[in-house]
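A.B. asks: First to last, the sequence lines map onto chains A and B. Here the first sequence stands for residues 15 to 325, numbered as in this note's numbering. Here the second sequence stands for residues 2 to 303, numbered as in this note's numbering.
Treat the hints as calculated values from the structure; they're not laboratory data. Ideal Cβ positions, reconstructed from N, Cα and C, are used throughout, including at glycine.
Far from chain A, by Cβ distances over 12 angstroms, these chain B residues were calculated:
| id | residue |
| --- | --- |
| 1 | L43 |
| 2 | L50 |
| 3 | E75 |
| 4 | L95 |
| 5 | G103 |
| 6 | Y107 |
| 7 | N126 |
| 8 | G224 |
| 9 | F259 |
For the chain B half of the interface with chain A, some residues (derived, Cβ under 8 angstroms), not all of them:
| id | residue |
| --- | --- |
| 10 | R114 |
| 11 | I184 |
| 12 | D186 |
| 13 | G187 |
| 14 | L191 |
| 15 | G192 |
| 16 | T194 |
| 17 | Q197 |
| 18 | R201 |
| 19 | Q202 |
So you can see what is in the structure, the chains are spelled out below.
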Amino acid sequence: MDQRTSTQSQPTTQPIRLETGTAARTEQPTAGSAWSKDTGAGAAPDRSATRHDVVFQARDVSVHYGSAPALVNVSLAIRQREITAFIGPSGCGKSTFLRCFNRTNDLIPSARITGQIDYHHQNLYAKDVDAVEVRRRIGMVFQKPNPFPKSIYDNLTFGPKVNRMKVDFDEVVETSLRRAALWDEVKGKLKQNAYSLSGGQQQRLCIARALTVDPEVILMDEPCSALDPIATAHIEDLMRELEHDYTIIIVTHNMQQAARVSDRTAFFTAEVESENDDRRFGRLVEIGDTSMIFSNPNDRRTEDYISGRFG
Amino acid sequence: MAVATSERPNRQVDGGFRAPVGNTVRERFTQLVLFLATCVALVVLVTLLVDIVRDGVGGLSLNFLTQYTSRVAENAGIRAGLTGTLSLMVLVALMTFPLGVGAALYLEEFAPRNRWTRLLEANINNLAGVPSIVYGLLGLSVFVFFLGFGRSLITGALTLTLLVLPVVIVASREALRAVPREIRDGGLALGATPLQVALRQTLPAAIPSILTGMILSLSRAVGETAPILVAGAVGSRRADNEPWNLSEAYTAIPIQIFDFVKRPQEEFQIQVASAAIIVLMTLLLFMNSAAIIIRNRYARNR
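Using the sequences and the hints, build the whole thing.
C.D. replies: Given below as structure tokens:
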């Protein structure tokens, strides 16, 4: 909030963005050109002028699982308080790349990461960086809603407890649930098991849970792929709401979703290593303003993919 | 579209949906054979139970539970065996739980995946299959003689702990493995350390299955005769002690049953032994029911 320069610009851009979002959802356009967000494009330069602070700068990031490359030489910047979408076909390494930003790949013994990811000019993979601390500052929401098999309340206090945050738990629970637009639905049943919630509610609980430890960035790995369209719409509205205070990176298979919610889009592709080898690895094709990627991409491959001519 | 369908051969169901005769007969016959196989096992079990209950129910009384053993069948009781078995159970549970769960947590959550770990895992799995008498001999040489615990309650408890430990480790590992990966991911993504995730999320989620495995292994330990017989349980009046005295001689219900059957008098061989068997089986039934109840409650809460 504090880094936004003009407070008057917010009321004007905000309703417009919501409108484009709903319009895109109802029209269900099929051609790439139809996805261009006219209003969004108008707002984009304004936005980037006010908050182009770079949160992450990835330089030549490659990930190998064992000897097999998963992702090769990716360099890009993630801007503060924007939603960046990673799109691309299966096996293009976009989820792998997302997991590099909070060092979740470290947990896979065979994964090896080269290159550098700077988080506010601090290399996340430097020797003295504690991966646990990184994960606290950079939250993550997963593909499948994964609440803990405990009460809603306990789900939300776990983060503050393990991080020894000196906070009022009741307050954290209420604030995070309100921010995740779930408070009104669950305020009367905080002691109930989180598994009693619907899938969409569970995913919003997981988002609320990520907010409890006050991260700066939220990584979302296909957060809506297990949800129905109504729950998806809820999460997308929520993302646009959260964008004011958090930097969000979302991996999605749903191109309309990328077009609807994101400010910038990065398109990845899967390349075959050699003719006689079926192994694929990911590459970044291009990154740019979402309106540009979806209406006038620089690369032919991007255009083919978003217009459905891929393959 | 219309062209495609017209080109397809028009399949007609001319024979209806009746199955060929041979199929039905073979199906029925196989099912009957399988049913008979089940019956054999069941009939044997029921015969055994009926026989034991008929022989032993007359010997059951409150006195039978509260009195020590005696040379006279009417006065004989299994107090020593009952307290011994209960003491063993509690001691074994107290020692097995931290050791078994600790080992399972290490192997499942923290151990590096290398040759050394695989060797360790293979050994534990093999230990679960070692005959119980071997554990008895181990208990005799290590606890009775080497460590000088003598033929005491603690020796029996330690021996049985060694016996059930591998089984508990294997069962606990399976319980931990059944906890979805996503739970761990969720915990780690909040900035919890792997230890915090293991102790506060993974283990609590696995506890019901771990307890089920624990109780089932304990009920196996309670029924064991060979290892504690070798490791110094006594069947005679020398076991008439206070329960809980770790350094005193001890006995257990299976040992007493063995003792009763060995005696020359027929009343002991049949009535008293059968009564003791009923007590032991009731105890085991309770433990297994507890395991089932815990498992079901867990299944409902998911």
